[in-house]
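Novice: Start from the sequences and build out the full structure, keeping to the hints where you can.
Protein chains: 2
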Amino acid sequence: MEPDPAWLPAAAFRAVGSRHTLVRGAGPLVDTVYRELAAACGRFGGSVARGTDGGPCDLVLELGDDADRLGDEGFTCRREDGRTTVSAAGGAGLLYGLFHVVRLGEDAFRGRRPRKTHVPALALRMLDHWDNVAVHPVMGQVERGYAGGSLFWADGRARGELERVRRYGRLLAACGINAVAVNNVNVHETEAHLLTDRIGEVADIAGALRPYGVRTHLSVTFAAPLVLGGLPTADPLDERVRAWWTEATARVYEAIPDFGGYVVKADSEGQPGPFAYGRSHADGANMLAAALAPHGGTVHWRAFVYDHRQDWRDRTTDRARAAYDHFAPLDGEFADNAVLQVKHGPMDFQVREPVSPLIGAMPRTRLAVELQATQEYTGQQRHVCWLGPMWSEVLRFRPDGVPVGGLADALVAVSNVGADPFWTGHPLAQANLYTFGRLAWQPDADPGGILDEWIRLTFGPEPAAGLRAVLEGSWRTYEKYTAPLGVGFMVQPGHHYGPSVDGYEYSPWGTYHFADRDGVGVDRSRATGTGFAGQYPKPWAELYESPETCPDELLLFFHHVSYGHTLHSGKTVIQHIYDTHFEGVEEVEAAREVWASLAGLVDPARHARVAERFEEQLRSAREWRDQVNSYFFRKSGVPDAHGRRIY
Amino acid sequence: MEPDPAWLPAAAFRAVGSRHTLVRGAGPLVDTVYRELAAACGRFGGSVARGTDGGPCDLVLELGDDADRLGDEGFTCRREDGRTTVSAAGGAGLLYGLFHVVRLGEDAFRGRRPRKTHVPALALRMLDHWDNVAVHPVMGQVERGYAGGSLFWADGRARGELERVRRYGRLLAACGINAVAVNNVNVHETEAHLLTDRIGEVADIAGALRPYGVRTHLSVTFAAPLVLGGLPTADPLDERVRAWWTEATARVYEAIPDFGGYVVKADSEGQPGPFAYGRSHADGANMLAAALAPHGGTVHWRAFVYDHRQDWRDRTTDRARAAYDHFAPLDGEFADNAVLQVKHGPMDFQVREPVSPLIGAMPRTRLAVELQATQEYTGQQRHVCWLGPMWSEVLRFRPDGVPVGGLADALVAVSNVGADPFWTGHPLAQANLYTFGRLAWQPDADPGGILDEWIRLTFGPEPAAGLRAVLEGSWRTYEKYTAPLGVGFMVQPGHHYGPSVDGYEYSPWGTYHFADRDGVGVDRSRATGTGFAGQYPKPWAELYESPETCPDELLLFFHHVSYGHTLHSGKTVIQHIYDTHFEGVEEVEAAREVWASLAGLVDPARHARVAERFEEQLRSAREWRDQVNSYFFRKSGVPDAHGRRIY
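As they're listed, the protein sequences go chains A and B.
Start counting the first sequence at 1; every next residue gets the next number (the UniProt record's numbering).
Start counting the second sequence at 1; every next residue gets the next number (the UniProt record's numbering).
Worth flagging that the hints you see were computed from the coordinates, not collected in a lab.
Where hints are given, some of them may not hold.
Looking from chain B toward chain A, a few residues come up when the C-beta cut is under 10 Å (computed) [claimed, not checked]: (1) Leu228; (2) Trp312; (3) Thr316; (4) Arg319; (5) Asp336; (6) Gln492; (7) Asp502; (8) Ala515; (9) Asp518; (10) Glu623; (11) Ser636; (12) Tyr647.
One-sided excerpt, in silico: chain B residues whose CB lies under 7 Å from chain A [to be verified]: (13) Arg198; (14) Phe275; (15) Gly278; (16) Arg279; (17) Asp314; (18) Arg476; (19) Gln627; (20) Arg634.
Quantities reported herein were computed from a predicted structural model and do not represent experimental measurements.
Glycine included, C-beta positions come from ideal geometry on N, C-alpha and C.
Specialist: In structure tokens form, the structure reads like this:
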């Protein structure tokens, strides 16, 4: 089966493909621009010329604009005298300019457009694939993957479907993504070898992605000098270790001259790291940075470090504090080409978390903010859950004046893509991938606008209103029928799908809600709790400190309150739980109806796949509703004010 | 590593091995008797002769006693004029007589012994191995196995260690077990073929077990005519199906002339069965019985049939009722060589259940009572849990005058044996295997006496008092720190190890405790509950019907009561929960100390293995204590009367 065209169906190229276009400039990415246009013109009857040809044309795409202002990736676009002109300083900019014109469609060729500059706000817009090369006995081919196997790997070796990888790179370029890490941050035995004797397989992938301006990165194990190099240590200050990394990295660049760099999960959930040698995370990261620096590479060092063998009886330890406690003291100690990669929330990609206080606490450190496109905790691509509004809230949050989107150097998402013909399992989960790319380019963009753009490109105009109705509120719907008021987790242990209110309550993972017969929530105040609220600067520290000022949606993240506590909404906590869980299911029912009404307006295969997933989403949402409501009714004894059925 | 000698160490044969013995009679099992004696004499200096030799001797083992009275397996034993004589009518009886003398040790050769007759109360004393041939992706090599791999199979084929199998048969004979089913009742694809093209592998096992009087049985899939025979149906009344089974069975007997028969799990937990064809379980069982009858074989048809896709919201369905509801109406319809195999309790091998009411409800049906030696729900051979007292209670229970041990034709246990050098993982779990065999021979035997016997044979006299202290109360200790008052489950879903109070509360498995802030337990009364109590005859139906007369240990199995409900013990339910959970852990701590004190009195490898498991048992028991106590404290709000720490 041909993979789904996603947001690049042939029809999206109708406007440019039926015009006369001139491409000026040279280089591999300019060649890509030309090939894209030639293909479109072949389909829609336009023409494309290269060079200095001065004949009449509708569209000019040219290299030669101001490199200082635009960098390699920026471009300008204007329309005057019946001609649309895109100028860039580098091939990547010209490619992004082409896709900009594609997104504009016929609008690109109407009236006048003043010259407008488009430069990505974040230099690195990256997808991390948690793909294993060898099928992991527990985690499978793709850890937390819900879109079939891996695009890159199958059963221990490269899948070899490079045309598919090329198409993937094309989709990524069309939404602004410029980097991919091709393997899981949990680097198992087989995968460790990608760094050395199996780098050729990585180079093949890099070669397929390169024509679309996508650089390839690799997750590596901190223990590589031990497991691959035969050294007796991986101590980052040991000269033999440093020499080993220097040599290994040089060989990587021989194979992949534009290699992006390393991604490292160290001292986290059992992965090896510098702690074993009494060294700091800065020591670890800087060693790799030093090996990469001569080649222009970057190390992404993940800040997801916490005690995953916590005792649930110990209420003083707070996993939410861990990233800040570990890394804030290291601000200023990381090398220039080391990027600290911080999950957007302090816990782990829950449907609702506050923004990680670490993001505002590292002014002298390059930061990557990590989002999760793969829906580990948000319905696993069996539920519709468009994450644009959540991500936008994160990126607009101002820890201390500057928004997160301005503090970060890079935006990273854990990829939701696999070998599935629809790329993402649930066809509507493509919207998350697209939205991620567009927000990484422009973090203050209106997510609703991005959603409309994606809908129009992917589905055309007819079903657009229905699609918007299905997607727009889907994150809040999901939040309604799952864990309430920011408390998180309440999922089945291990696979994390479906409800289990106490599933992580007595576990070593640091993920508790402390519900008893009187109330629920985690006291993270400075005054009486774990002190996590104090990791924020003002005004957030004060706002979160008190249940009176804490936003409703984060109340149980920051406070343990009684079931009778009144929210700002005017409802009690317990009634809020009941109401949102009934509403959430009703909203899924309504969305399913809307989707059903789009039959005939949407490609039948897509329609059938989504319809089938809606059945599961509804079943699961009802299970969430009934388990959460029953759990809290049995504990609180408070009846529903509206007398609805609770078991 | 040589497998552990278990209850047949060389020293156990010292008394017979240092005597002069005469063996009279012929046949393969008499040969086994002779070989056993010859080996013992070779070690301890005695002698053994065969035939009619009339010289002076201490022990005579002879065939020729009254076959009508003794059957093939019975024997008599007497001592007069300084000579001990064992007489039997068949070779099996003589072998059991030899092991009887071995158990007696020096006592067998002292003073006078009046002639005493020993005949097994139950004709069939069987172990069911839930062993897979091919490693199952979820269940592994042995389903619910906690003793390493399978004795019989490894990675898709016969393991081929027939000497190990022979030793296993010898251990079984020495405690009276005479049948083994060699594969899992969940018959997967590979295992289905044991019936036909892979019967040779079963025949090899049968050949290794045969010298010890152990017959081999096979679990088969009801769908065999479809999956192996290529027929379009498995309808038990279809002539083609019946002919297929007749032929297949004849070929089995060509390969294994003394083949025991089939074990079938049908229409249970997803296994195929007669319901698909609108036929009854009697139709299904009788078809197989007809195929086996000409050869003297038996079909064991399991009664473990229930709805495993139950909706937890539905409080009218009660899994406990299922076996009775399905099978009691069929009493009298099963063929003479069909045995209905009933789990001892109505649920699934919990640490405490009432005896299944089905056992008393099938007067015109041959019954096998199924116990579980493998400790699925009783500590998975990481915890010491000697099940003798529980099994003895089951066997002595009188549904309607006659004890269970008298109602049953067969006693079956799910085996706890694997490829582990100690056979059972936890060396002390051997006691369960031994006790099972001895209780199957004599269901009204004192389990404490059996335990002493096992300890003396296995460990000798020195550590006996310590071992008794560790084992004797271990089942009640385990009960104390796990699910209280018969309510069951509260285990981690899937693997069933360790606590998860709500782990099965919102599941489709029919296993609920219904705890809320006011109380806990399942109302199974006729008056207000599921009516399960009414499946018993008097006086049990009345006794179980009321919380006032229901035995404390089953209170929450039969009734939903408030936390303040006073038990016959005088304690409230909630205080009982707290007290037993603190006591249980204290008892584990004490047992661990006793075990530590036995160092030097017990073989070091055994001592180390048990000591290591005690660490895990204690960790796990504390986890059970704290999770169960915290769960009920958070729900009830009732403080511990003694002010102990609850989290």
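Novice: For each hint, tell me whether it holds in the structure or not.
Specialist: Here is what the structure says about each hint:
1. With 10 Å as the threshold, the beta carbon of B:Leu228 stays out of range of chain A, its nearest partner Cβ sitting at about 30 Å, so the hint is violated.
2. At its closest, the beta carbon of B:Trp312 sits 7 Å from a beta carbon of chain A; the interface hint therefore holds under the 10 Å criterion.
3. With a least beta-carbon distance of about 13 Å to chain A, the hint placing B:Thr316 at the interface is violated under the 10 Å criterion.
4. Below 10 Å, beta-carbon pairs count as interface contacts, and B:Arg319 has none with chain A, the closest being about 17 Å; its hint is therefore violated.
5. Evaluation of the B:Asp336 hint against chain A yields a violated restraint, the C-beta minimum of about 47 Å exceeding 10 Å.
6. For the restraint placing B:Gln492 at the interface with chain A, the shortest Cβ-Cβ distance is roughly 8 Å, inside the 10 Å limit, so the hint holds.
7. A hinted interface residue such as B:Asp502 counts as satisfied when its beta carbon comes closer than 10 Å to some beta carbon of chain A; here the least separation is about 5 Å, so the hint holds.
8. Because the beta carbon of B:Ala515 sits about 7 Å from the nearest beta carbon in chain A, less than 10 Å, this interface hint is met.
9. For B:Asp518, the interface hint holds, since its Cβ comes within 10 Å of a Cβ in chain A; the closest pair sits about 7 Å apart.
10. Residue-level restraint check for B:Glu623 holds (minimum Cβ-Cβ distance to chain A is 8 Å; threshold 10 Å).
11. The closest approach between the C-beta of B:Ser636 and any C-beta of chain A is roughly 7 Å, which is under the 10 Å cut-off, so the hint is satisfied.
12. At about 5 Å, the closest approach between the beta carbon of B:Tyr647 and any beta carbon in chain A falls short of 10 Å, and the interface hint on this residue holds.
13. Evaluation of the B:Arg198 hint against chain A yields a violated restraint, the C-beta minimum of about 27 Å exceeding 7 Å.
14. For B:Phe275, the shortest C-beta to C-beta distance to chain A is roughly 25 Å, which exceeds 7 Å, and the interface hint is violated.
15. Among the interface hints, the one on B:Gly278 is violated; its C-beta lies about 29 Å from the nearest C-beta in chain A, farther than the 7 Å criterion.
16. About 32 Å separates the beta-carbon of B:Arg279 from the nearest beta-carbon of chain A, more than 7 Å, and the hint is not met.
17. About 9 Å separates the beta-carbon of B:Asp314 from the nearest beta-carbon of chain A, more than 7 Å, and the hint is not met.
18. Nearest Cβ of chain A to the Cβ of B:Arg476: about 24 Å, over the 7 Å cut. The hint is violated.
19. Residue-level restraint check for B:Gln627 holds (minimum Cβ-Cβ distance to chain A is 5 Å; threshold 7 Å).
20. Evaluation of the B:Arg634 hint against chain A yields a held restraint, the C-beta minimum of about 4 Å falling below 7 Å.
In summary, the structure is inconsistent with hints 1, 3, 4, 5, 13, 14, 15, 16, 17 and 18 from the numbered list given earlier, while agreeing with the others.
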